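*Asks:* Protein chains in written order, with numbering that gives the first Met the number 0: chain A, 0 to 310; chain B, 0 to 323; chain C, 0 to 335.
No lab work stands behind these hints: they were computed from the structure. What you are looking at is a predicted structure, and each value in this text was computed from that prediction instead of being measured. One should not assume that every hint holds.
As the list claims (entries may be wrong) - One side of the interface only, derived from the structure: several residues of chain B facing chain A at Cβ under 7 Å:
1. 27
2. 96
3. 103
4. 108
5. 118
6. 120
Stated by the list, open to error - Below, simulated DSS-like cross-link-like pairs (lysine-lysine); rule was C-alpha separation at most 25 Å, straight line:
7. B:264 x C:214
8. A:33 x C:217
9. B:252 x C:32
10. C:217 x B:264
11. B:267 x C:217
What the hints assert, rightly or not - Simulated restraints on C-beta separations:
12. A:134 x B:89: 47 to 57 Å
13. C:81 x A:58: 35 to 45 Å
14. C:272 x B:83: 48 to 58 Å
15. B:238 x A:142: 55 to 65 Å
16. A:207 x B:145: 27 to 37 Å
17. C:90 x A:47: 53 to 63 Å
18. B:85 x A:36: 53 to 63 Å
19. A:134 x C:142: 35 to 45 Å
20. B:86 x A:36: 52 to 62 Å
21. B:41 x C:17: 56 to 66 Å
22. A:47 x C:295: 32 to 42 Å
23. C:142 x B:238: 53 to 63 Å
24. A:207 x B:78: 17 to 27 Å
25. C:101 x A:218: 39 to 49 Å
Where a beta carbon is used, it is the ideal one built from N, C-alpha and C, also for glycine.
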Amino acid sequence: MPTQKAKAAVPENRENKGKGKAYGLWRDGWARLKENRAAMAGLMMVAVIALAAVFAPYITKYDPTEQLIWTRGAKAQLVPPGRDHFFGTDIYGRDMYSRVVYGARVSLQIGIASTLISVIIGVTLGALAGYYGGLADDIISWLINVVFAFPFLLFVLALVAYLPPGLPLMYAAIGMVNWAGVARIVRGQVLSVREREYVEAAMVAGGRDARIIVKHILPNILAPVIVQATLGMGSIIMLESSLSFLGFGIQPPTPSWGYDIDQGRQYLLAGAWWWSAFPGLAIMALVLGFNLLGDGLRDALDPRQSGGEGR
Amino acid sequence: MQANMLEVKNLKKYFPVKGLGFLRAKAFIKAVDGVDFTLDAGETLGLVGESGCGKSTLARLITGLIRPTEGHIYFEGSNISDMTRSGLRRVRRDIQLVFQDPYASLNPRMTAGDIIGEPLKIHRLARDQDREDRLRELFELVGLEPRHMGRYPHQFSGGQRQRIGIARALAVSPRLIVCDEPVSALDVSAQAQIINLMLDLKQRLGLTYLFIAHHLGVIGHISDRVAVMYMGRIVEIAYRDRLFDSPMHPYTKALLSAAPADHPKQRKERSILAEEVPGPGHSEVGCRYKNRCPRAVPLCGETEPALVDLGEGHFCACHLRYEW
Amino acid sequence: MPWTQGKAAVKGGEGMGETILTVRGLKTYLYAKDGMVPAVDGLDLQLERGETLCIVGESGCGKSTAALSIMGLIPASEGRIEQCEIIFKGRNLANLSREEMRGIRGREISMIFQEPMTSLNPVLTIGRQVSEVFMAHRGLNRNEAMKETIQMLSLVGIPEPERRVREYPHQLSGGMRQRVMIAMALSCRPDVLIADEPTSALDVTVQAQILQLIKELKDRLGTAVILITHDLGVVAEAAQRVLVMYAGRAVEYCDVNGLFDNPRHPYTRGLLASVPGHRNHGQRLDVMDGSAPNLRDLPGGCRFYPRCRYARGMCRTSEPEFVDIGEGHLCACHLI
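Based on the sequences and whatever the hints tell you, model everything.
*Replies:* As structure tokens, then:
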């Protein structure tokens with residue numbers, strides 16, 4: 000009875016007869032996510048863009064870097080959207096539709112790779128800091144704070160000045176900086192989960208640290224990490240676009256939404272709105288998609304709502 | 000039966016209280032502050048005390064989850080309080096812990112079978128078919144149905160979850176089980192079921208229990224001897240009937256008097272105990288019960304009474320023990 | 000309604016007699032992930048001025064939900080109360096608007112909970128929080144309210160109330176916080192105090208004090224108390240009458256001596272037999288098998304029959320009525 004609360008406590012579901020093996024959190028989470036219209040819209044946006052990126056060669060007619068129109072004269076290459084070029088062409092006569100679709104590849108690649116790097120570093124360091132505490136925690140927490148205080152833009156500028164710019168550099172640069180947010184969340188979660196009795200029970204059973212972290216702690220903090228990674232994906236894509244916009248990101252002729260927005264900027268007032276507008280819409284759709292999905296996941300996976308464990 | 004399965008000598012555990020900012024710990028919380036007792040093979044020692052008296056810390060010390068600040072714990076003659084990690088791992092097959100909260104003590108991401116089977120895996124006790132058989136046996140031993148092995152903790156009731164916790168503890172065939180409030184989170188009928196189960200298991204498997212609880216009825220039902228703990232120390236320890244019928248320490252008396260009646264006709268006007276347990280800032284000299292004790296004399300403010308043998312296994316830490 | 004038959008006999012007991020609260024056919028559904036749960040399913044109860052009624056039962060039996068329903072504290076998003084009667088001083092609380100209910104709550108019926116820490120605002124001083132009640136309900140100004148607060152705190156046995164009013168909730172012990180909650184609840188001299196497991200989070204010695212305090216204040220202020228608990232010790236200690244609940248329904252109602260001396264319902268007997276103690280040391284307790292049914296998947300007939308050792312054919316098919324079996328002792332069992 001000690002779990003009786005001031006709030007109306009729904010009597011515990013004692014026996015879920017016949018329910019299959021899959022544990023409730025993910026299944027319930029998916030059920031809740033499905034009911035969240037905004038999140039499903041987000042998922043759709045991300046899915047459509049991701050599919051477009053994967054199947055880019057099949058859904059585009061032109062190479063995104065190929066100059067298709069060689070007519071001389073100022074602005075002559077700027078073809079407005081039409082039957083042949085859905086999104087028009089840029090001043091070099093390249094098909095904007097192809098560039099936007101292939102740009103999705105670049106954005107998603109950077110988003111996924113950087114997120115993976117930051118999740119791997121962040122989860123490892125965060126878990127070590129939270130689990131062992133003491134000196135390990137002091138050092139890692141200090142590192143996290145240093146990274147947060149670090150002027151990121153200057154860091155990338157410095158890197159680009161010395162190293163040949165390119166995709167791998169972008170992954171590394173963003174991943175190196177973004178892990179700190181993940182690590183901070185993981186550290187906090189591990190701190191609270193390691194106090195749970197089931198972790199103590201595993202220790203009493205004689206389990207080694209690695210086993211306890213991998214089997215008992217990490218599976219129980221996965222939800223917030225997923226949420227953080229999804230939300231982070233949006234901001235990484237934004238970051239890449241901003242860097243490319245400033246000229247420090249993806250180097251031409253590789254298609255990049257940020258770069259195209261920057262290039263098209265000068266022609267906006269001249270009436271060639273399509274050059275900047277379509278990459279801009281694409282960024283908006285993808286970032287919005289990830290954010291809606293992330294928010295939905297947070298609500299769907301929140302243990303306070305799942306009723307299974309948090310009291 | 001071999002005497003003195005467990006012997007605890009002058010055991011202390013101080014937790015540092017972190018100061019603000021960069022300054023490191025200066026103050027300590029003396030959770031366990033000089034505990035001595037012995038536990039014979041085959042007996043059940045009940046440990047009773049109110050929240051914050053250090054009884055859970057004591058359970059964690061004995062099971063090796065935390066290391067003592069001072070003092071020693073001997074299990075069958077060998078000192079387990081300064082063992083290496085690998086040494087501890089072996090001892091863990093002999094000493095197991097059953098937790099209070101059947102909700103928090105089971106990993107929500109593991110099936111009942113995996114939870115109970117984990118100690119078998121860790122200690123490589125049984126493989127494949129053997130493990131399967133052993134699991135089945137453990138499930139039946141605690142009154143669970145083996146066909147529910149694949150279920151997750153949230154699909155069981157509170158009492159069933161506690162059975163899972165008990166089966167997990169039994170998996171490595173321990174000899175001593177430390178039970179940290181194993182029934183206090185359960186409903187009356189589930190509580191009775193678990194008490195029965197623990198009595199049965201003790202008889203069938205020849206277990207020894209250190210049974211911690213705050214509920215006097217539960218302690219009285221299951222224990223052979225009872226130790227009363229107050230602010231990190233044992234203030235009285237005696238055989239059950241002796242403790243319940245002729246308590247010596249004023250705190251034990253207060254505790255027994257505060258216990259609710261069994262029957263409305265036994266309601267009594269009771270001497271009300273001063274409520275505030277002194278915080279960390281109180282004077283550390285003398286008896287720790289002096290501020291609430293209705294009979295305190297000047298001596299109580301000067302020296303801390305030692306746990307003195309009153310004969311017949313009755314020990315009491317009070318300067319005035321014979322004058323009550 | 001069985002109550003009307005039982006009423007004459009129910010009187011007598013403590014000689015108070017006047018009924019202050021009557022609940023008839025209370026049904027509360029709570030919304031859960033997969034549908035509605037009938038948490039309280041047709042509860043009748045009757046409370047007399049100045050008496051202590053204990054509602055006892057295990058978790059999920061609906062006792063807390065029943066209390067919250069009477070208080071009008073089931074938010075529309077969490078549950079729904081079916082048409083029923085909650086007659087308090089001649090008015091049916093079930094028909095009042097939220098606004099009208101707010102006027103009654105805290106002033107005429109108030110409630111305290113198990114964990115006082117969650118009911119107190121951690122960033123406001125004790126004095127501020129208690130005096131707020133006086134200001135809101137009695138229209139006093141800040142100084143008068145503070146004076147009343149200090150008086151009230153000393154009434155509930157808080158030492159040095161002048162100093163305590165300046166402290167924050169976390170500076171008080173659990174027992175002291177519960178005293179503060181009682182002070183707030185009783186500040187408007189309500190007719191009914193509903194206490195939901197007020198001592199379950201407290202130590203034994205503190206529990207004894209809080210029960211004593213509730214008893215003293217009840218006698219002094221003439222407040223009727225509904226004490227919700229799972230602990231038969233608390234019942235033995237504090238109750239005048241007892242209502243036993245099982246799976247959303249009342250199964251037995253009688254005065255406290257009757258319950259302990261002559262329990263009639265098999266569930267009540269099972270509960271009493273489950274209580275451990277040093278007098279029956281080491282003996283197996285005479286337990287009820289199994290656990291309470293899932294409220295969404297109730298057995299047909301009597302809700303207790305799957306666990307009942309006396310169950311017969313009719314228990315499986317028809318649900319027993321809650322009827323007077325003599326001298327105001329009500330019981331819902333076919334076998335009486």
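*Asks:* Can you tell me whether the CB distance of residue 272 (chain C) to residue 83 (chain B) sits inside 48 to 58 Å?
*Replies:* holds (49 Å)
*Asks:* Could you say whether the range 53 to 63 Å given as a hint is met by the Cβ separation of residue 90 (chain C) and residue 47 (chain A)?
*Replies:* holds (59 Å)
*Asks:* Within 27 to 37 Å: is that where the Cβ-Cβ distance between residue 207 (chain A) and residue 145 (chain B) falls?
*Replies:* The hint (27 to 37 Å, Cβ to Cβ) holds, given that residue 207 (chain A) and residue 145 (chain B) are roughly 28 Å apart.
*Asks:* Hey, residue 252 (chain B) versus residue 32 (chain C), does the alpha-carbon distance stay inside 25 Å?
*Replies:* Violated, because 49 Å separates the two Cα atoms, which is more than 25 Å.
*Asks:* Holds or violated: are the alpha carbons of residue 264 (chain B) and residue 214 (chain C) at most 25 Å from each other?
*Replies:* With a Cα-Cα distance of about 16 Å, the restraint between residue 264 (chain B) and residue 214 (chain C) holds, given a limit of 25 Å.
*Asks:* Can residue 118 (chain B) be said to touch chain A, with a Cβ gap under 7 Å?
*Replies:* holds (4 Å)
*Asks:* Confirm or reject the claim that residue 85 (chain B) and residue 36 (chain A) have a C-beta distance inside 53 to 63 Å.
*Replies:* holds (56 Å)
*Asks:* A closest beta-carbon separation below 7 Å is what the hint needs, so does residue 27 (chain B) meet it against chain A?
*Replies:* Violated. Min distance 18 Å.
*Asks:* Check the following: the C-beta atoms of residue 142 (chain C) and residue 238 (chain B) are separated by a distance inside 53 to 63 Å.
*Replies:* holds (59 Å)
*Asks:* Given the range 35 to 45 Å, decide if the beta-carbon distance of residue 81 (chain C) to residue 58 (chain A) lies inside it.
*Replies:* Taking Cβ atoms as reference, residue 81 (chain C) and residue 58 (chain A) lie about 57 Å apart, which means the hint is violated.
*Asks:* Is it true that residue 134 (chain A) and residue 142 (chain C) lie within 35 to 45 Å of each other by Cβ?
*Replies:* violated (55 Å)
*Asks:* Per the hint of 39 to 49 Å, is the separation of the Cβ atoms of residue 101 (chain C) and residue 218 (chain A) within bounds?
*Replies:* holds (45 Å)
Checked against the numbered hints listed earlier, the structure breaks hints 1, 6, 8, 9, 12, 13, 19; every other hint is satisfied.
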